[in-house]
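Chains A and B are the protein sequences, given in the same order.
If you read the first sequence in my numbering, its first letter stands for residue 1, the second for the next number, and so on.
If you read the second sequence in my numbering, its first letter stands for residue 233, the second for the next number, and so on.
No lab work stands behind these hints: they were computed from the structure.
Hints may contain errors.
To be verified - Partial list, derived from the structure: chain B residues whose beta carbon lies under 10 Å from chain A: (1) M253; (2) L254; (3) L255; (4) W328; (5) V331; (6) L348; (7) L362; (8) S366; (9) Q370.
We treat Cβ as the ideally placed atom computed from N, Cα and C, and that holds for glycine.
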Amino acid sequence: MSETSYGRLIRDGLWSNNQALVALLGLCPLLAVTNTAINGLGLGIATTAVLVLSNATVSLIRNLVRPEVRLPVFVIVIASFVTAVELSMNAWFHDLYKVLGIFIPLIVTNCAIIGRAEAFASKNHLLPAIVDGLSMGLGFTGALVALGAMRELLGMGTLFSQADLMFGATAADWSFSLGANFQGMLLAILPPGAFLGMGLMIALKNIIDGRQRKAQPAKVEAAPAGLESGAA
Amino acid sequence: MRFSTITSPHSARPNSVSRTMLLVILALLPGAAAMIWYFGWGVLINMILASVTAVACEALAVRLRNRPVLPVIGDFSAVLTALLLAVALPPLLPWWLTVIGVAFAILMVKQIYGGLGYNPFNPAMAAYVLLLVSYPVQMTSWLPPEMLNEHPLTLLQSASVIFTGALPAGLSWDALTMATPLDAMFTQLDQSRMLSEILAQPLWGDFGGRGWEWVGNWYLLGGLFLLYKRVISWHIPVSMLGSLLVIAMLFHFLDQEAYPFGMFHIFTGGTLLGAFFIATDPVSACTTRKGQLVYGACIGLLVFIIRTWGGYPDAVAFAVLLMNMAAPTIDYYTQPRAFGHQGAGRD
Numbered sequence: 001m002s003e004t005s006y007g008r009l010i011r012d013g014l015w016s017n018n019q020a021l022v023a024l025l026g027l028c029p030l031l032a033v034t035n036t037a038i039n040g041l042g043l044g045i046a047t048t049a050v051l052v053l054s055n056a057t058v059s060l061i062r063n064l065v066r067p068e069v070r071l072p073v074f075v076i077v078i079a080s081f082v083t084a085v086e087l088s089m090n091a092w093f094h095d096l097y098k099v100l101g102i103f104i105p106l107i108v109t110n111c112a113i114i115g116r117a118e119a120f121a122s123k124n125h126l127l128p129a130i131v132d133g134l135s136m137g138l139g140f141t142g143a144l145v146a147l148g149a150m151r152e153l154l155g156m157g158t159l160f161s162q163a164d165l166m167f168g169a170t171a172a173d174w175s176f177s178l179g180a181n182f183q184g185m186l187l188a189i190l191p192p193g194a195f196l197g198m199g200l201m202i203a204l205k206n207i208i209d210g211r212q213r214k215a216q217p218a219k220v221e222a223a224p225a226g227l228e229s230g231a232a
Numbered sequence: 233m234r235f236s237t238i239t240s241p242h243s244a245r246p247n248s249v250s251r252t253m254l255l256v257i258l259a260l261l262p263g264a265a266a267m268i269w270y271f272g273w274g275v276l277i278n279m280i281l282a283s284v285t286a287v288a289c290e291a292l293a294v295r296l297r298n299r300p301v302l303p304v305i306g307d308f309s310a311v312l313t314a315l316l317l318a319v320a321l322p323p324l325l326p327w328w329l330t331v332i333g334v335a336f337a338i339l340m341v342k343q344i345y346g347g348l349g350y351n352p353f354n355p356a357m358a359a360y361v362l363l364l365v366s367y368p369v370q371m372t373s374w375l376p377p378e379m380l381n382e383h384p385l386t387l388l389q390s391a392s393v394i395f396t397g398a399l400p401a402g403l404s405w406d407a408l409t410m411a412t413p414l415d416a417m418f419t420q421l422d423q424s425r426m427l428s429e430i431l432a433q434p435l436w437g438d439f440g441g442r443g444w445e446w447v448g449n450w451y452l453l454g455g456l457f458l459l460y461k462r463v464i465s466w467h468i469p470v471s472m473l474g475s476l477l478v479i480a481m482l483f484h485f486l487d488q489e490a491y492p493f494g495m496f497h498i499f500t501g502g503t504l505l506g507a508f509f510i511a512t513d514p515v516s517a518c519t520t521r522k523g524q525l526v527y528g529a530c531i532g533l534l535v536f537i538i539r540t541w542g543g544y545p546d547a548v549a550f551a552v553l554l555m556n557m558a559a560p561t562i563d564y565y566t567q568p569r570a571f572g573h574q575g576a577g578r579d
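Let the sequences and hints guide you as you build the complete structure.
And the structure:
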């Protein structure tokens, strides 16, 4: 990977090697907190921040750390950043912090993060590692928000409710509602709804990919995408 | 078993899928008719609405999958799923809930896995659970049976309630609906009332709720017809009803005022419908004989456990779905010994 194509990195992270929809990493927070779009966005941004910082750090120390101890070192790096993010959220987004609860510290165990550290950042220079962390994080955030929006809309008939938790009091009226008469499908905001919604999203992505592949059958992929993400 | 004396080649009448499904639908009809008798026209409207929706969804899914539509529609499995769901739904359920339930059963539980024969879960019960978990208020608004019903609705009134939600003048949902006997029993037991006290209410017949027990009888009759026609084998119904009866009687003898007697569990709720029509679903149930005994017994046990200590009004659907999950494992461990081999057959 001496010659890195940033466009490819971004496309991989956002779509073709999306950590949530393709690699199926980090499913525990993905399924647990996405009962509203705002919860998904909050956790997604926190994860993205940790991912960028840990990727950058791992890339910087990649030549100093002996391979035998690399995993514990990565975990310590990730845990430090998660603690920092957790403390900052507690300080500045306290209400959102209370809603997300245990899932902020649990970002440490999100396999997407250590997966990117091991598979990409520990083998690449600083800038590609940061771009990779950012695009993977944004792809993960996108999946979280989409799933959260779908479940919130089906389950409660609202969208972006409680946006003030994140964007302050001005955002209190951002929420969109299908009306008070909408009788939500309670199952959508319960855990089974997360699994069903996740399955439907993956199916949708596969349909779109299939359509695209059919649209341009002549073009042969140079190398199978996502080869470098075999770990984790 | 026929012992014909003709010489080979023998050819029996083919036991096609559509014939089996039609026989099951036929066997379901007495119970369904009894439900219409006791709970009014709403049941019939639900059945028709569910069947139409099921066939439409099935046709849509099969078209999307580029398969020929008519043979799939013609096997009647979608209609059977719709009818099984419809008789489990409250008679005055708003129409869009019936449509959501049936669409979920056909599209998400059946066709997404590959259609008839591939679904790991019973579609009707999965849809029932979806509706029960999502819309608990509507799903527990049952009508009282005919003999206790002070405000019987005409066909037009039922249709108007189902399709527009408009109740007839002067009636409220509270006046119209009533808890199911099973719900009434366990709610009151939770309030530490004694069994003898609860059973003094007019809600009860000989074994279960008035009206309900007769619906159960007709399902039992339909089930016996299926057994006679060899559409189902005796293993699952007998082991399910047997284990439910045994465990319920055991607890009843331990504390006669806190646990309903065994026959109550059999004749209330969806037990008989479940034992003969739902647990025996050849797709999602166990296939080995020994496995079917285990499967049925576990369903009976789960029904008792969930009814007694769970929060939902009936347990058959949950029990069947849980055991659907276990069915492949049970099948794996109960493979019959191949003839001529020693040991368990699996090496």
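Inset, instruction - Please verify that hint: B/L362, Cβ, nearest Cβ of chain A, below 10 Å or not. - result: holds, 6 Å
Legend entry - Status of the B/M253 interface restraint (C-beta, 10 Å, chain A): violated, 27 Å
Inset, instruction - Closer than 10 Å between Cβ atoms is the bar; does B/L348 clear it against chain A? Give me holds or violated. - result: For B/L348, the interface hint is violated, since the closest Cβ of chain A sits about 20 Å away, which is over 10 Å.
Legend entry - Satisfaction of the B/L254 interface hint, Cβ to chain A closer than 10 Å: At 32 Å from the nearest chain A Cβ, B/L254 fails the 10 Å test, so the hint is violated.
Inset, instruction - Return the status of the interface hint for B/Q370: holds when the least beta-carbon distance to chain A is below 10 Å, violated otherwise. - result: holds, 8 Å
Inset, instruction - Have a go at the B/L255 hint: is there a Cβ in chain A nearer than 10 Å to its own Cβ? - result: For B/L255, the interface hint is violated, since the closest Cβ of chain A sits about 33 Å away, which is over 10 Å.
Legend entry - Hint check, B/S366 versus chain A [nearest Cβ-Cβ separation less than 10 Å]: OK, holds: B/S366 within 10 Å of chain A, min 4 Å.
Legend entry - Restraint satisfaction for B/V331 [CB to CB of chain A, less than 10 Å]: It is violated, given that the least Cβ distance between B/V331 and chain A is near 13 Å, above 10 Å.
Legend entry - Closest C-beta approach of B/W328 to chain A relative to 10 Å, hint status: holds, 9 Å
In summary, the structure is inconsistent with hints 1, 2, 3, 5 and 6 from the numbered list given earlier, while agreeing with the others.
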